[in-house]
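Novice: Single-letter residue listing:
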Amino acid sequence: MIMAKTPVAVLGTLAEFHKEPIPFDLNALVQLVARLRPDLLCVDMTHEQWQQRDFGGLPPEYREALLPLAYQTDIVIAPIAGEHPPEEPTVPGWRGKVIAILRRWLATLQRTSPGPDAINQGLRHLMADLLYSLSAWLAGPTTGQKLRDHTQRLTQAVRELARRDPGARILVVVNVRHCHLIRAALRKYPEIQVVKYLDL
Amino acid sequence: MNSSPDLKFPVIVLSPYTLHQDVWKLILAGQPGLIVAGATSDLSQITAFIPSDQTSTILIDLPTPQPEIVRRLRTLAPRCGLLFLVQSYELSIILPLLQVGATGFVSRDASIGDLARAIIAAGRGEIVLPAEIAVQSLMALAQGQPIEQEMVAPLSERETDVLRLLALGHTNKDIAQLLFLSVRTVEAHLRSIFAKLGVSSRTEAALWAVQHGYGTPKLK
Chain W
0 MIMAKTPVAV
10 LGTLAEFHKE
20 PIPFDLNALV
30 QLVARLRPDL
40 LCVDMTHEQW
50 QQRDFGGLPP
60 EYREALLPLA
70 YQTDIVIAPI
80 AGEHPPEEPT
90 VPGWRGKVIA
100 ILRRWLATLQ
110 RTSPGPDAIN
120 QGLRHLMADL
130 LYSLSAWLAG
140 PTTGQKLRDH
150 TQRLTQAVRE
160 LARRDPGARI
170 LVVVNVRHCH
180 LIRAALRKYP
190 EIQVVKYLDL
Chain R
0 MNSSPDLKFP
10 VIVLSPYTLH
20 QDVWKLILAG
30 QPGLIVAGAT
40 SDLSQITAFI
50 PSDQTSTILI
60 DLPTPQPEIV
70 RRLRTLAPRC
80 GLLFLVQSYE
90 LSIILPLLQV
100 GATGFVSRDA
110 SIGDLARAII
120 AAGRGEIVLP
130 AEIAVQSLMA
140 LAQGQPIEQE
150 MVAPLSERET
160 DVLRLLALGH
170 TNKDIAQLLF
180 LSVRTVEAHL
190 RSIFAKLGVS
200 SRTEAALWAV
210 QHGYGTPKLK
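In the order they appear, the protein sequences are chains W and R. FYI, the numbering for the first sequence is 0 to 199, going by numbering that gives the first Met the number 0. FYI, the numbering for the second sequence is 0 to 219, going by numbering that gives the first Met the number 0.
Hints were generated in silico from the structure; no laboratory data involved. Take the hints with a grain of salt, since some may be wrong.
Stated by the list, open to error - The calculated DSBU-like cross-link candidates involving lysine-lysine, where the alpha carbons are at most 30 Å apart (straight line), are:
id	chain 1	residue 1	chain 2	residue 2
1	W	195	R	24
2	R	7	W	4
3	W	187	W	145
4	R	7	R	24
5	W	4	W	195
6	W	4	R	195
7	W	187	W	4
8	W	145	W	96
9	W	195	W	145
As the list claims (entries may be wrong) - Facing chain R, a subset of chain W residues (Cβ under 10 Å, in silico):
id	residue
10	37
11	74
12	110
As the list claims (entries may be wrong) - Listed next, the stretches of chain R that the computed footprint assigns to chain W, with coverage defined by at least 3 CB atoms under 8 Å from CB atoms of chain W:
id	segment
13	79-88
14	179-193
Even glycine gets a Cβ: it sits at the ideal position worked out from N, Cα and C.
Looking at chain W on its own, in the form it has when it is part of the complex (with noise of 0.2 Å):
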């Protein structure tokens, strides 16, 4: 018997840098997703956040966007973290100085994508995931570690999802930083075919 595989798709945001001013409308990014159309989406959220409805710390693009895009359509919510991500690296010293530099460029990039998929495409997404990796590998091993714990959890999250209910279109929108290691981990396995986004 021929199994078919499930198509996985990862889209990445930029959504830590709350702060700085998105160019486009997260509209953009409601509109995005709802073309793309997924059976499943799967977010860095965690099953208790989900069932107590505790969306208060989460990142505009779910809170604002994708989570009451769902809500009012057949797009179903998965919850992937299996505890919250980690925070993010701080240490003293240069290191700490030049992850500070790291995170200006990444909240540059953000600040100048035209639009929700740029980050995902081209230079712009390689640029992001180096800045991260670096940050990752001047915050030390103990960090490094608790990032590709959360990352593992996400991946296993899905391929589970993925067992449940194979054949079923999962498109994973979580931070940049998390988008390479996930769908490098995902590839392994023979019942999962990670597609780009626009081709899920």
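Fit chain R to the given chain W structure using the hints.
Specialist: Same frame as chain W, but now just chain R:
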């Protein structure tokens, strides 16, 4: 993309007031996933707005909805969902409408999000009722109907979960969200359930479930 990028669910507004029609058109047109196919106060014009290639919902905004309206709409638009706006969920108003073919009810106090999802669910033929009165309504509808014979084949654990949630009055989307499954998967489970119960619609399946004790919340 595999899916149709701009596939939107058609809704037709039936209201006696022009201003209400215009307001509904404006509000509903702003909702992702919905498209207003038309608005009218004239029942006989309804058919002109119904898309031939897609299921749709008629949103009925009448001060006092009467069963006769449902009968006429069922004749004119047999495949459309008939969704009524109501002041409150009074069984004395809702049951006579359900019995002649109404699909669902939304309170005038509901949010626009609630209304949008109700429109989509009703268009798929799902009974849209708040969970608090769904079981009562189904039991009232089931009264006098003979209890169906036993199921043809046993239900799987997942199918049992789906049937229990159906009997509690949940829509396919609600069921999908509660079980973290896609709506299409829930629909597939329902088709399998219908076959195993020997029924041909979700209403019959829901009635079967209520009659067989599935309409009570699962004990943990």
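Novice: Does each hint fit the structure? Answer for all of them.
Specialist: Now the hints, each set against the structure:
Pair hint residue 195 (chain W) plus residue 24 (chain R) does not hold up; C-alpha atoms about 35 Å apart against a cutoff of 30 Å. Distance restraint check for residue 7 (chain R) and residue 4 (chain W): the Cα-Cα separation of roughly 27 Å lies within the 30 Å cut-off, and the hinted pair is therefore satisfied. With a C-alpha separation of about 22 Å, the suggested pairing of residue 187 (chain W) with residue 145 (chain W) holds against the 30 Å cut-off. With a C-alpha separation of about 14 Å, the suggested pairing of residue 7 (chain R) with residue 24 (chain R) holds against the 30 Å cut-off.
Distance check on the hinted pair: residue 4 (chain W) and residue 195 (chain W) sit about 15 Å apart at the alpha-carbon level, within 30 Å; holds. Between residue 4 (chain W) and residue 195 (chain R) the alpha-carbon distance is near 28 Å, which keeps this suggested pair within the 30 Å criterion. Between residue 187 (chain W) and residue 4 (chain W) the CA atoms are separated by roughly 13 Å; this keeps the pair inside 30 Å, and the hint holds. About 21 Å separates the Cα atoms of residue 145 (chain W) and residue 96 (chain W), which keeps this hinted pair within 30 Å; it holds.
Taking the CA atoms of residue 195 (chain W) and residue 145 (chain W), the gap is about 27 Å. The hint holds against a cut of 30 Å. For residue 37 (chain W), the suggested interface contact is upheld, since its CB lies about 9 Å from the closest CB of chain R, less than 10 Å. A cut of 10 Å between beta carbons decides the hint on residue 74 (chain W): the least distance to chain R is about 9 Å, and the hint holds. Because the beta carbon of residue 110 (chain W) sits about 26 Å from the nearest beta carbon in chain R, more than 10 Å, this interface hint is broken.
For the segment 79-88 of chain R, the assignment as covered by chain W is violated, since 0 residues bring a beta-carbon within under 8 Å of that chain's beta-carbons and 3 are needed. Counting residues of the segment 179-193 of chain R whose beta carbon lies closer than 8 Å to any beta carbon of chain W gives 6, which reaches the threshold of three, so the coverage claim holds.
Checked against the numbered hints listed earlier, the structure breaks hints 1, 12 and 13; every other hint is satisfied.
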